[in-house]
Each structure stands twice: as C-alpha cells, then as structure tokens.
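Turn these sequences into a full structure, and let the hints steer you where they fit.
Protein chains in written order, with UniProt numbering: chain A, 1 to 319; chain B, 1 to 313.
Derived from the structure by calculation, the hints contain no laboratory data. Accuracy of the hints is not assured; some may be wrong.
[As the list claims (entries may be wrong)] Here chain B is said to cover these stretches of chain A; the calculated rule only asks that three of the stretch's residues, wherever they fall, bring their Cβ under 8 Å from a Cβ of chain B:
no. : segment
1   : 17-23
2   : 146-157
3   : 280-290
Treat the numbers as computed from the prediction; the structure is a model and nothing was measured. Where a beta carbon is used, it is the ideal one built from N, C-alpha and C, also for glycine.
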Amino acid sequence: MGRYILRRAAQGLFVLWAAFTIAFFVLYLLPSDPAALAAGAGGEVADVDPALLDDLRARYGLDRPVLVQYVDALGGAVRLDFGPSYQSGAPAASLVAAAVPQTLLLTGVALALAVVGGVVLAVASVLPRSRALRQVLSALPPLGVALPTFFIGLVLLQWLSFRAGLLPAIGNVGWQSLVLPAVTLAIPPGAQLAQVLSRSLRGTLGEPYVETARAKGAGRLRVQLGHALRNAAIPAFTMLGVMVGALLGGAVVTETVFSRVGLGRLTVQSVNAQDVPVVLAVVVLSALVFVVTTLVVDLLYPLLDPRIERASTPRTVAA
Amino acid sequence: MTATTTGPRPPEEIEVADREDARSILRYGRARRPRAAGPAVGRAARHLVRRPGLVLAGLVLLLVAAWATAPTLFASGDPITGVPADRLLPPSAAHLLGTDHLGRDVWTRVVHGASLSLRTTTLAVVVGLVVGSALGLLAGFLRGWVDDVVGRLVDVLLAVPSILLSLAIITALGTGPTKIAVAVGIGAIATFARVMRAEVLRTSTSVYVEAARASGSRWWTVLGRHVLPNSSGPVLALVALEFGGAVLAVSALSFLGYGTPPPTPEWGSLISGGRDYLATAWWLTTLPGLVIVAVVLSANRIARALETTGEDQ
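Following this line, the structure appears as structure tokens:
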C-alpha cells in the first residue's frame, strides 16, 4: 500500500513537471516577445521604447539564456513562486490563490449536482416499465452533452433572471447567486456521467446475478439499486478525474457569463493581457488537481469493488 | 466467455453469434437481431429506415455544409450591413430568426457564419487527427521507448483541461480563427493518439500482419498496407465525435472573444454579441445557440452509429 502510493506520487510529480515544462516552453518560446507583452504592446517590439524593453527584460530576468530562465522558473515553481504578474506586478501564485476559494465553491456545488443528477437520470432512464418513457429519458443525456456551456448559462440568465426575476444574474454574493452558475456548470459533465452510467447499467442488467435476483422475486427498483448500480458504477467512477477537469475548464466560461470572481475569470483576464506567469500557474494548478483526483479515485476503487487489486488498477482515464 | 447455460439446446439452424443471442434463443426461441442477408444497398437502406434520427443527423450536417459552401443560396441578404430601421425585430416571416441591434438579419448571419465556424472546426479536427494518429501509430507500431515517450506525453496532455490548454496556446500565439483551430486541435491530440495506439496494437498482433512480416515486407509497407487500413475504423468514429467537441470548443473560445473581430459572422461571437440584449431580445442568443446544439447532436449521433458498426464487424 505504502509503496503503491509512493509510486503513484512519483508518477504524479512527473506529470506536474512535464505540464510545467511544456507550458513554459509554449508560453516563453513562441513568437510574442514576453518583454513586449509585459510592456502592454501586444507583443510588437517595434512600438516600445528600447530602454523600457531592456529594463523589463532585466526585471523579469528575460535577458538570460532560456535554459537558465527555465531552471530558475522550475525552482521557483517548486516553492510555489511563479514570478510577478505582468499586469499587476503582484506574485502570480497569490493572485491564483486568492481566486481559488470562489471557484472551489462553485465547482464543488456543481460536482455534487452533476453526480446526483447524473445518477438519478441514469437510473430513471432504465427503470420505467414503459418503453416510450425510457426512450425519452435516454435521449436527455446526449442532448445535455451537446449543449455549449455558455449557451446554457445565457438561456438560464435570460429566462430565470431577466424574465422571471427569480435569481440574481451576476456577482458572488449569497447562495442565490451560486444557483444558476452551478446548474450551468453541472449540466454537461452530469449528462456525460448519465450517458456512461446508463450504458453500463444496461450492460449490467443482462448479467446472470441480476437474473438470479429477479428470479428470486426482487422488484425493478431493488434490482437496480441493490444489485446492478454498484457494479455499473465503476466505469462512471473512472470518469471522476475527467469530470473535475471539465468543471475547472467550464468555470472559465461560466464565470465569464455570470461575471463571477474566480479562477476562470482570472484566467480569461490573464489570457487577454497575455499575462504569462499567471497562465502558467493556472495550468500547473489544473494539472495538480487532475493528478490528485485520479490518485484518490484509484485508491477508492478497491472499496467500490473488492475484486480490483491495487496492482492492476487501471491507469487510463475514461474511454 | 461463451454461454454455458443449461437448458434446451438451440436448434441447429440458428446462428448463435454472442451471449446476448444465446440468451434470447433460450428465452424466445429465436435470435434477438435477425441477420438480414440481402444485397448491400438494400441492407443499408433498411438500416437507415429503422434509424430516422441518424438520417436526420446526416441531413443536418449536409445542410450546414451547404450553408458553408454556398451561403447566398440560403440567405441572399448582406450579413455585414443592416437596415437600422429594422433593429431588434422578433422572428417573423420576413426575418426567420429576427434581427440584431444593427438591423442585420440573424438568419443571414447564421448561414454566412457557418463557413468560418466549420472551417475552424475542421482545421482543428485535422490538426488533432494528423498529429495524434501519427503519434499513436508510431507508439503502437514501434513500441519500446517511442511508446513510453508518447504515453507520457498523452498523460500530460490529458492532465490539463482542454480549454485551459487551448487558452495557454492562445496566450502564446495570439487570437484569430486559425490560432483557435490550432489550440483546439492540440487539445484533441491525446485522444486520437490513445485510440490509434490501441487499434494499432490490436492489429499488429493479428495473423495477416505476422504473415506480411514473415514474407519479407518492409516495415513501412506493413504499416501502410496492412496496419493502417485495418486500424482506421474507431479513429473515424472518433473524428465524428471530436468534430462535435471541436464545434463546442471553437464556439466557446470565440464566445470568449479570441476569434475574429466583430463584423465577420461566426457562431460563437454571434451569441456573444447577443449578451447585451438578453432581457429584451431572446432570439439573438437562443436561436443561433440551437443551431450549434443541432450540429453537435448530429455529429455525436453519427459518431455513435460509426462506433456500433465497428463493433458489429
């Protein structure tokens, strides 16, 4: 057990290092000149006073060879120091840290909604006796997967805030302001979960032990919840890491639509301003979240299904 | 796993293809899906008649492709300049999807926007397909350290949510439709590489590949003539699926404002433009949004059909 966690932690560290390295070279070596970006000239060197450029290069350490910069940046990242933001001059890491709580709240609520909604919808789409009702309910998850997040947000805003006046349209104050963004964010991953889970449930319902349960007189609901669901849940459970990533990505759009303060909004602002250190910090943070989530999922597998031994834990993410 | 059920033996003439069949034969005395044995065209026609949703999905994609190639056939008006007197009109017979704040017909803008949106999406899928399949092909065929390196790269690409990956690339490259396409395409590389690798691994261990090797074919001949054609099925299904995903990603990025500057019509920025009129003009966001939903739904439906045909074979 201990050795397994150590090995997984080493793998996770490798992924983090590689994510940092790829993001660093993409962000620092591509056409735009970081110093010109920092000067706010949209990467056009010609428009900026050369003395200012030299000064900025010296301040951000951009006048040194790239490898020296990389080693320095990597050393900083290990100490959670991603350098000063080009926009505000404040440390990028603390800007990110300040934005995390609001996004954590939003994605946490959305994750809960997505899991509950997804499981309920999946069970509901195989449970009813009526074939027509089952077909209608099974059509919902593919529809949810096809909805763009910003579209869901705008439609909810339009009908529930502006027309009906039920919930506030923008801002971070109070639980009411959390409802619409959380629902918006939860719909696509929830629908994806429902899709995977209902497919897996349909497969499980053909298994011999389900027939045995039926033969012994268990009702439809009991067969579903008591026998099939736990076994069918494993492929859906594998998706959790991907779902958390999707929520983090979806927060970028959702926070923009609802003008909420948070990590997604910070990311959009930083991309607009080509604020490289902040973008780098966000990328590494999202990789960290993914690594931790998949590790937790893998550690929880044996609890869900005792047949899974840790040595043969699936390494890959959901299909 | 074969069916090892005790009970009445199926009659000899019934073909038992899988466990599902075996069970239904035991229960009902016949196979679940009667296997049609007719000419290929007739079979395909029957296949489609029984799936009206699939036909509809194909028609939607054909219609949108037609919008993209010949927009003036479907909307003769001018998508850029409007008639100020007709501003913010709700949908009517004259303006099917209403008009926007400059008096431009929304239907015309949606039809003319198809070209740019679909070109961006297609380029994104091509980038993902070409780079991802090449990586997966090499990893699955050469194995060894190439496989290890590609595997690690895929792990890393999967660890960062694709929209954040795209945003990082946009930070470096700047904005514009082509850059959006590249950014979205790079986000799709990992999935293509993984599926391609799995398929190549499956194919390379088959008897005909072994035979080709044994008869002295060069490795690139084996790859091009035997492995590649037989590995492409699931990758094609993935192309359809990723097309739907890329429509969503491209429209999200242009909604955030990283696509073309305003007057040019594009689906994501069209919806973004309607944001200021949410309270008064619902048609500006809802109706173009439904077009995107229809396209993504159709692409996903076709992807599902391709996946199941692959399984049947």
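Okay, the hints, checked on the actual structure:
1. 17-23: holds (count 4)
2. 146-157: holds (count 9)
3. 280-290: Held - the segment 280-290 of chain A has 6 residues with a Cβ nearer than 8 Å to chain B, which meets the minimum of three.
Against the hints set out earlier in the document, no violation occurs for any number.
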